[in-house]
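Chemist: Each chain, written out:
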Amino acid sequence: MLENYRPFGYYDEMLDEKGGTRPHYQKFRELLEQIPAEEFGHRRQSVDLAFLRQGITFNVYGDEQGAEKIFPFDLIPRIIPASEWDYLERGLAQRITALNLFLHDIYHEQKILKDGVIPPFYVLSAKHFRREFVNFKVPKDIYIHICGTDLIRGAKGEWMVLEDNARCPSGVSYLLENRRAMKRSFSGMFESIGVRPVEHYPQELLKMLRYIAPAGVADPTVVLLTPGACNSAYFEHTYLARQMGIEIVEGRDLMVREECVFMRTTKGLQQVHVIYRRIDDDFLDPTVFRKDSALGVPGIIRAFRKGNVSLANSVGTGIADDKVMYYFVPRIIQYYLKQEPIIPNVPTYLASEESDRKYILENLENLVVKAANESGGYGMLMGPKSTREEIAQFRERITADPRNYIAQPMIMLSQHPTYVDGQFEGRHIDLRPYIIYGEKITIVPSGMTRVALRKGSLVVNSSQGGGSKDTWVLYGDQ
Amino acid sequence: MLSRVANSLYWMSRYIERAENTARLVETSLQLLLDYRNLDEQHIAEQWLPIVQATGEEEAFFKLHPKATGAAVTEFLVFQAENPNSIVQCICQARENARMVRDQITVELWEELNRVYLFVRSRQARLVWKQSPSEFFSEIKASSLQLTGIAYATLIHNEGWLFLQAGRFLERADKTSRILDVRHQSLPETGPPGPVGPTGALEWAAILRSCSAWDGYKSLFGAEVHPKWVTEFLVLCEDFPRSILFCANQLNISLRKISGVPEGRFVNDAERHAGRLLAELQFSTVDDIFKRGLHRYLDDVQVKLNSIGDALFEAYFFLSLASLGESDFVQQEEQQQQTGV
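Chains as they are written, first to last, in our numbering: chain R, 272 to 749; chain P, 4 to 344.
Think of the hints as simulated: they come from the structure by calculation, not from any bench. Model, not experiment: these values are computed from the prediction. Accuracy of the hints is not assured; some may be wrong.
Unchecked claim - Once the Cα atoms are required to be at most 30 Å apart in a straight line, the calculated DSS-like pairs of lysine-lysine come out as:
#, chain 1, residue 1, chain 2, residue 2
1, R, Lys-629, R, Lys-656
2, P, Lys-144, R, Lys-340
3, P, Lys-307, R, Lys-538
4, P, Lys-133, P, Lys-66
5, R, Lys-382, R, Lys-656
6, R, Lys-478, R, Lys-385
7, R, Lys-609, R, Lys-398
8, R, Lys-726, R, Lys-398
9, P, Lys-133, R, Lys-538
10, P, Lys-133, R, Lys-340
11, R, Lys-298, R, Lys-398
12, R, Lys-577, R, Lys-427
As the list claims (entries may be wrong) - Each pair of labels, with its calculated beta carbon distance range:
#, chain 1, residue 1, chain 2, residue 2, range
13, R, Val-691, P, Phe-316, 50 to 58 Å
14, R, Leu-608, P, Gln-149, 53 to 61 Å
15, R, Asp-357, P, Gln-149, 47 to 55 Å
16, R, Phe-407, P, Leu-148, 55 to 63 Å
17, P, Gln-34, R, Asp-563, 52 to 60 Å
18, R, Lys-538, P, Glu-62, 37 to 45 Å
19, P, Gln-305, R, Ala-486, 53 to 61 Å
20, R, Gly-290, P, Gly-152, 53 to 61 Å
21, P, Asp-218, R, Asp-563, 52 to 60 Å
C-beta atoms are modelled at their ideal positions from N, C-alpha and C, and glycine is treated no differently.
Can you build the whole structure from these sequences, using the hints too?
Modeler: As structure tokens, this is what we get:
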């Protein structure tokens, strides 16, 4: 089925420059060729149907009628050999370690600012820097418990970190469900190819959540706090809660008495010790942050401060997601760990630095411009693919508020054979592994590979026509 | 168990049961009409109006439709989006409640409920309905029974399960009483009913069929249909799972298991009302019922069932409801960044 597939000038995950199959795709390709095209189409359909039947969907805002869509899934897995995964694992562990040290520092002594490694202005002006939490000790000194770092590969196949996602990274349920779907569709392949399992993610997550329980609580009650059934990631929230065997709660299910958090049950109030929260800092507590928050729990921050309840992730991690802070991560790694970054950043220009800004404004049509605190493909300018008006608009915005913008060269993301309209075509992909930081660092050997299903598109977000693939990390290199 | 979760489980099973009962009621009425010939408009309305009344939605119906024709009533009870108790809307609401407690129910239960939801929302559903209403109703009934079975066989029989049971039997008792009430106008207001003619026999048999009670009835009373025996069977039979007494008994058992309070005592009004209703039914005879008048008697039962529902809400669910408008929630829920996939 793949005989007509060609890479077309990008780095292709399956084929090398000469068109030969890379060693770690060899076995998969052989097995795939044995499946008749018709049968393949059939399996593809039955996977879609299964997702719809199981309600593995995300909500589309502003859609009155259906409100739920399945997240498109491509049957051709993305494969990563063991040695490459080992490299990624080391790089990701290094990064989350440094980021946690950084957060601890800026919420305490602020040595990195005093030593002049990062200009203090950038940290103190960051939208998600929580002054209220300076000199507050978080349980076990961990700020980022779950991180969903986005990785991409450039034109030569070199890995780069695109962003860190240190608040509420979502998508891990798709990783787990994609794997289940693949096991149903290609049950024979897994053993012969040697794919490392991912099913222990919920256990690892729960283990971490129990680890951060307040001191002296032997058998903590752990809950997942969701914004509710209207949130786009609601499926994931219920999925994870069910897999971990913990209660899923909404803000209105919780209340605070005497600086402890309780949930309202049919038998009265029951104390809660650890909260895996999937709502933003801003909405957590209307008495501290946004006063109009109906999703939060009044007093929960006081309970957190008293050490009677633990939150994952901690409050104030959003500053690590600030795209300006991203620029400084290599320096952060060097400063705290005395190491060179294992996985490099994408080259980045800061609009608030005089010389960078000049370069950005002169080269807008070649650059990707991003707002410092947006995600999900919003607030972005793809220079080469934009109209003159759009470029002019961004020029104005950058000049008016340089602190809020960064720019990067357009990266030609690697591509991967993807089943489109009955044949295989190259589509651009990225990778989001999930890193858990508890007693130790755990990275489940896989990740969510997102794929830009629109031809030529470099944007992989689900809101912009993205889909996903299963990601196979091998025991060996072929 | 979280109050909100208990509330969702309770309503999920109520809506499933409601959809099933409405399907039975409409189907039987459609079939009944096949047995009549040459009915004028007036007579047709006489057949359909009681069906609307049985669902307790008369007012809502006449806001949407000028006349109680077959097409209007069936549309109203089966598909109408404006009727929160139409079959399709019941399934949607059951599924929405299930979605809120996905983590509390089994995959099997969810998938079946999601399947029937996708079916009633599909274009296919209208097609099936046009070609063969009875096939459509079979689909709904079979799914409801399957859901009941899946719940029984896959859920842990814990507190959540008991709320599910309470919802189901409360709803079923109410619906049986309403279906039985459909032909009350052909009866004397008080006092024992006389035997019925051939048309009456068909109508009362239709009531039994609407409750899936025809086979059970025949095995106890034979093939002769008499309003008195029909009433005895549907209200007072201890062993028939759709009779009011049976449902009241199951409801009472579930409520007592939830709180752990023994028979003969109570700690909340739900238990008090449920215990009292059960005792009244246990110590009633069919002659008592007709002395009071069937319609008035069933009306009382419905009022009592409502008060049990209200008291249940007060005792277990009230805690969890916030005073904020639902739209505020939706807006903020959507705003939460889940650093995009």
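Chemist: All hints, please: hold or fail.
Modeler: Now for the hints, and whether the structure bears them out:
no. : hint                                : verdict
1   : R:Lys-629 <-> R:Lys-656             : 21 Å, holds
2   : P:Lys-144 <-> R:Lys-340             : 28 Å, holds
3   : P:Lys-307 <-> R:Lys-538             : 25 Å, holds
4   : P:Lys-133 <-> P:Lys-66              : 25 Å, holds
5   : R:Lys-382 <-> R:Lys-656             : 42 Å, violated
6   : R:Lys-478 <-> R:Lys-385             : 37 Å, violated
7   : R:Lys-609 <-> R:Lys-398             : 28 Å, holds
8   : R:Lys-726 <-> R:Lys-398             : 35 Å, violated
9   : P:Lys-133 <-> R:Lys-538             : 49 Å, violated
10  : P:Lys-133 <-> R:Lys-340             : 28 Å, holds
11  : R:Lys-298 <-> R:Lys-398             : 49 Å, violated
12  : R:Lys-577 <-> R:Lys-427             : 51 Å, violated
13  : R:Val-691 <-> P:Phe-316: 50 to 58 Å : 52 Å, holds
14  : R:Leu-608 <-> P:Gln-149: 53 to 61 Å : 58 Å, holds
15  : R:Asp-357 <-> P:Gln-149: 47 to 55 Å : 49 Å, holds
16  : R:Phe-407 <-> P:Leu-148: 55 to 63 Å : 56 Å, holds
17  : P:Gln-34 <-> R:Asp-563: 52 to 60 Å  : 55 Å, holds
18  : R:Lys-538 <-> P:Glu-62: 37 to 45 Å  : 39 Å, holds
19  : P:Gln-305 <-> R:Ala-486: 53 to 61 Å : 56 Å, holds
20  : R:Gly-290 <-> P:Gly-152: 53 to 61 Å : 56 Å, holds
21  : P:Asp-218 <-> R:Asp-563: 52 to 60 Å : 59 Å, holds
Hint compliance for this structure: hints 5, 6, 8, 9, 11 and 12 are broken, all remaining hints hold.
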